[in-house]
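*Asks:* Residue-level listing of the chains:
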Amino acid sequence: MHPERRKRALLLIVILIIVGAAAGLVMYALRQNINLFYSPTQIQSGEAPINVTIRAGGMVEKNSVVRESEGLKIRFSITDYASRVTVIYNGILPDLFREEQGIVARGKLTESGEFLAEEVLAKHDENYMPPEVSDALKSAKSNDQRNKLEGK
Amino acid sequence: MNWSWFHTLGSPKKFYYLSLKWERFLLSFGALFLGSGLVWGLGFAPEDYLQGNSFRIIYIHVPAAVIAQSFYVAMGVAAFVQIVWRMKLAPIALRGFATVGALMAALALITGAIWGKPTWGTWWQWDARITSVLILLIMYLGIIAIHNTYLERQLSDRLSAVIALVGLINLPIIKYSVDWWNTLHQPATFTLTEQPKMPSEMWLPLLLSFIGLYIVALAIVFIRMQTHILEREKKTRWVRDEVNDGV
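In order, the protein sequence lines correspond to chains V and P. Numbered according to the working numbering, the first sequence spans residues -5 to 146. Numbered according to the working numbering, the second sequence spans residues 2 to 248.
Fair warning: there could be bad hints in the mix.
[What the hints assert, rightly or not] Interface residues of chain V toward chain P, partial, derived using beta-carbon atoms under 7 Å:
(1) Ala3
(2) Leu6
(3) Gly14
(4) Asn29
(5) Phe31
(6) Pro88
(7) Leu115
(8) His118
(9) Asp119
Rather than coming from a laboratory, the hints here were simulated on the basis of the structure. Every value quoted in this text rests on a predicted model; they were computed, and no experiment measured them. A virtual CB, placed ideally from N, CA and C, is assigned to each residue, including glycine.
Please build the complete structure, drawing on both the sequences and the hints.
*Replies:* Set out below in structure tokens:
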């Protein structure tokens, strides 16, 4: 390579490494602010501020959804399989909302540790499958459980 | 090593005539793949158990998002060649990839928003993945704008190349945003090391439409580059002959 070109190439690579390192450090310093939501474990350990608008995310726990007989008010708990947080919400839920679905809620944490949500978003996971496959998986699971119950 | 092919491609005139030859071939192959992938994916692939038909936007969204990122890499290579070797074709390639890459980034953001509304319940959220792709689009637009200033052609070429190179840092951030931080956007369905988290009757049409859109986008880059070559080389004899021939 021509020495002039080699010099330019080296200079460029050095600049890119320095800028890359600077960007990496900024990302590292901001890592908490870049997270879209707090997990239930973070909330339980007191990392999340109280009475400030934040987001909480986790899986809707099975058999935890309680709807009021009138109105849209709903209460459920979200979990990251280590801790749980109770969420209270009064509004329209996205179509994908159901038990064992990941959600992100925006709202405020009360002093009693409940989360008053103003908005609930469903989080989709990376798995896709046709309905027949999902049904087959579900029935295989329930067969398995039945077999276990019957002691087979 | 024989570098003559490199110098052949570096000549705007030779590239102009070569790309004219490739163009028709690329466009017809790309349209074939893209058409069959889209018909298969939108019309015949099974629906998703949870999202129903709205998941079908994946057949446009994922190809557009991947092309937007890989064209940025191509633009970065052109920028590097431009600064180190000062090849005449490099700023032309940079500009061609920037235009089509910006289109693809916009397409990925728009299709993502359309899918997000029914799936997540919102069409926009400042999550790390969505925001970093928006930054990608803004980088593309900024590079095009600087490239267009022409205060002094050498200066605007060099400045846009430097900015393109600095923006490369955004690419790993886009890729790993869903792993490093809590985001609303789901992690990758396709990885090089693992089985796709999707059955083959869903990902095969995606593969077809991905290959198709990639080839079509590349053909559009070549067509854009031809226009820029004619514009930049307008004082040369071969361009005058070429243009007068057509009249």
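*Asks:* Go through the hint on V:Phe31 and say holds or violated, using the shortest Cβ distance to chain P against 7 Å.
*Replies:* 5 Å, holds
*Asks:* Using 7 Å as the Cβ threshold, decide whether V:Leu6 counts as touching chain P.
*Replies:* 6 Å, holds
*Asks:* If you take the shortest Cβ to Cβ gap from V:Asn29 to chain P, is it below 7 Å?
*Replies:* 4 Å, holds
*Asks:* Just to be careful: measuring from the Cβ of V:Gly14 to every Cβ in chain P, is the smallest value less than 7 Å?
*Replies:* Constraint on V:Gly14 satisfied, holds at 5 Å.
*Asks:* Does the CB of V:Asp119 sit less than 7 Å away from some CB of chain P?
*Replies:* Since the shortest Cβ distance to chain P is 5 Å, the answer is holds.
*Asks:* Taking 7 Å as the limit, does the beta-carbon of V:Ala3 come near enough to a beta-carbon in chain P?
*Replies:* 5 Å, holds
*Asks:* Are V:Leu115 and chain P close enough, Cβ to Cβ, to be under 7 Å, as the hint says?
*Replies:* 5 Å, holds
*Asks:* Could you check if V:His118 really has its C-beta closer than 7 Å to a C-beta on chain P?
*Replies:* With Cβ-Cβ at 5 Å, under 7 Å, it holds.
*Asks:* Under 7 Å, Cβ to Cβ, is where V:Pro88 needs to be relative to chain P, so tell me if that hint holds or is violated.
*Replies:* Given a least distance of 3 Å, the restraint on V:Pro88 holds.
In summary, the structure agrees with every hint in the numbered list given earlier.
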